[in-house]
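We have chain H already, so just place chain U on it with the hints.
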Amino acid sequence: MSTDALISGQVHLGDMLTITALAGVSVLTRCFFFLSSKEWVLPRWAQRGLQYAPIAALCAVIAPEIVMSQGQLIHSLQDARLYGLAGGLFFYFSGHAGKQPVLGTIVAGMAVYLPLHIGLGW
Amino acid sequence: MAWLRGLVRHPEFRQGFAEMATVAPGIAAWGLMTGVAMVKSGLGTVESLWMALIVFAGSAQLAAIPLMLGGAPVWVILATAFCVNLRFVVFSAHMRHYMMHLPLRRRLMAGYLIGDLTYVLFVQRHPEPAAGEEGRQAQVAYLLGNGSINWFSWTASSLVGVVLANVIPTAWGLGFAGILALVGMTCTLASSPLRRIAGGVAACAGVATFALPLRLNILVAIAAAVCLCLFLEPRLQQASASGPRSP
Numbered sequence: 000m001s002t003d004a005l006i007s008g009q010v011h012l013g014d015m016l017t018i019t020a021l022a023g024v025s026v027l028t029r030c031f032f033f034l035s036s037k038e039w040v041l042p043r044w045a046q047r048g049l050q051y052a053p054i055a056a057l058c059a060v061i062a063p064e065i066v067m068s069q070g071q072l073i074h075s076l077q078d079a080r081l082y083g084l085a086g087g088l089f090f091y092f093s094g095h096a097g098k099q100p101v102l103g104t105i106v107a108g109m110a111v112y113l114p115l116h117i118g119l120g121w
Numbered sequence: 000m001a002w003l004r005g006l007v008r009h010p011e012f013r014q015g016f017a018e019m020a021t022v023a024p025g026i027a028a029w030g031l032m033t034g035v036a037m038v039k040s041g042l043g044t045v046e047s048l049w050m051a052l053i054v055f056a057g058s059a060q061l062a063a064i065p066l067m068l069g070g071a072p073v074w075v076i077l078a079t080a081f082c083v084n085l086r087f088v089v090f091s092a093h094m095r096h097y098m099m100h101l102p103l104r105r106r107l108m109a110g111y112l113i114g115d116l117t118y119v120l121f122v123q124r125h126p127e128p129a130a131g132e133e134g135r136q137a138q139v140a141y142l143l144g145n146g147s148i149n150w151f152s153w154t155a156s157s158l159v160g161v162v163l164a165n166v167i168p169t170a171w172g173l174g175f176a177g178i179l180a181l182v183g184m185t186c187t188l189a190s191s192p193l194r195r196i197a198g199g200v201a202a203c204a205g206v207a208t209f210a211l212p213l214r215l216n217i218l219v220a221i222a223a224a225v226c227l228c229l230f231l232e233p234r235l236q237q238a239s240a241s242g243p244r245s246p
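First to last, the protein sequences are chains H and U.
First residue of the first sequence: 0, per numbering that gives the first Met the number 0; consecutive thereafter.
First residue of the second sequence: 0, per numbering that gives the first Met the number 0; consecutive thereafter.
Isolated chain H (complex conformation):
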């Protein structure tokens, strides 16, 4: 950390400013294509294609969190995440999911995951 940065007590002001700018980056990226008021129309093919973006983004985030650890594919079936996922999916598609299927998926998945992970160390 640069020593000439402003330090008051334990708080590093330079870092506080950087963090504030990071919040600006959150706004900038989330608003990127609707910042400007200029007339601009998304091409039709892109509009159709974006219908698939939500599920693609979710799956791209989820899959590595299930089948990888430290950047490598896992080679063991003794991994609590696999069974947690299976438990969550089983509940979702069991027909008992009711009105709050996502909440049930979380609870069922964790009910399988935590004993295996904490109890058996998987």
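A couple of the hints might just be wrong.
Said to hold, decoys possible - If you anchor each label on the Cβ, the simulated ranges turn out as follows:
(1) U:Q14 to H:W44: 29 to 35 angstroms
(2) H:S75 to U:E132: 55 to 61 angstroms
(3) H:G13 to U:A1: 37 to 43 angstroms
(4) U:A71 to H:Q9: 18 to 24 angstroms
(5) U:V73 to H:Q46: 54 to 60 angstroms
(6) U:H100 to H:G94: 37 to 43 angstroms
(7) U:L229 to H:G120: 41 to 47 angstroms
(8) H:G94 to U:V73: 51 to 57 angstroms
What the hints assert, rightly or not - In silico contact screen, one side only, chain U against chain H (beta carbon under 8 angstroms); selected entries:
(9) G25
(10) F81
(11) R86
(12) A130
(13) G134
(14) A180
(15) G183
(16) A202
These aren't lab readings, by the way, just hints derived from the structure by calculation.
Where a beta carbon is used, it is the ideal one built from N, C-alpha and C, also for glycine.
For chain U alone, kept in the frame of chain H given last:
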């Protein structure tokens, strides 16, 4: 302020709030572990609290911290966060038609709330931008109701995570609840064969290109899934139109 009050009273605000509320426990567990991780990676308590309070972008936060602690130039830190957030840029292209009727300041405020799940739930509930004033009002109300409970459960739990960082062991793996929330959400989205294909392709591409820096694997996966589905869409429609079964 009258604008906000009107939206909060709108029935769609409650609808958005309720739909996100069922996912909130997963979000909260995830936020909690992100708060813990921020402190464990060496950021000071006050800085961690400030970050948890205002940045509202988990993976960008965790990517930025080692750079900050390593003394990287500010522009490198901001550029890194921008790249990690690139999927939001894609979402914003989709959201443009829903947002342009608002003045800039309101667009910025509502846009700040468009996290992953808010985007997903919003376009699921409102597949087409509304044409009339009433419909637009309803859509913005849904967005704010949904985004505000998401922001609150994420931010509040992150703050708790920062404070309790030395009490909660990361080894418990509570963050897995966040992944399960995404899994449940994915299941609700998988309503057509092409969407399931998009999900499968993105999952494989996300794993295969995981080694890319700055979480660019997510962007590659979205691009691969969208391109393949655009290619398949007309062919599948043709096949089902000329097939033996009537639709």
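So, going through the hints one by one against the coordinates:
1. The beta-carbon spacing between Q14 (chain U) and W44 (chain H), approximately 31 angstroms, falls within the hinted interval of 29 to 35 angstroms.
2. Under the hint 55 to 61 angstroms, the C-beta atoms of S75 (chain H) and E132 (chain U), about 57 angstroms apart, fit the expected range.
3. Taken as a hint, the range 37 to 43 angstroms holds for the pair G13 (chain H) and A1 (chain U), whose Cβ atoms sit roughly 40 angstroms apart.
4. At roughly 21 angstroms, the beta carbons of A71 (chain U) and Q9 (chain H) sit within the given window of 18 to 24 angstroms.
5. The hinted window of 54 to 60 angstroms between V73 (chain U) and Q46 (chain H) is violated, with their beta carbons roughly 36 angstroms apart.
6. A hinted range of 37 to 43 angstroms for the beta carbons of H100 (chain U) and G94 (chain H) is consistent with their spacing of about 42 angstroms.
7. Checking the proposed 41 to 47 angstroms range against L229 (chain U) and G120 (chain H) shows it holds: the Cβ atoms sit about 45 angstroms from each other.
8. Distance hint check: the CB atoms of G94 (chain H) and V73 (chain U) are about 53 angstroms apart, consistent with the given range 51 to 57 angstroms.
9. Interface hint at G25 (chain U): satisfied, since its Cβ lies 5 angstroms from the closest Cβ of chain H, which is below the 8 angstroms cut-off.
10. With 8 angstroms as the threshold, the beta carbon of F81 (chain U) comes within range of chain H, its nearest partner Cβ sitting at about 5 angstroms, so the hint holds.
11. Interface hint at R86 (chain U): satisfied, since its Cβ lies 5 angstroms from the closest Cβ of chain H, which is below the 8 angstroms cut-off.
12. This hint is violated: A130 (chain U) has a C-beta 15 angstroms from the nearest C-beta of chain H, more than the 8 angstroms allowed.
13. Because the beta carbon of G134 (chain U) sits about 18 angstroms from the nearest beta carbon in chain H, more than 8 angstroms, this interface hint is broken.
14. The beta carbon of A180 (chain U) comes within 5 angstroms of a beta carbon in chain H, closer than 8 angstroms, and the hint placing it at the interface holds.
15. At about 3 angstroms, the closest approach between the beta carbon of G183 (chain U) and any beta carbon in chain H falls short of 8 angstroms, and the interface hint on this residue holds.
16. Residue-level restraint check for A202 (chain U) holds (minimum Cβ-Cβ distance to chain H is 4 angstroms; threshold 8 angstroms).
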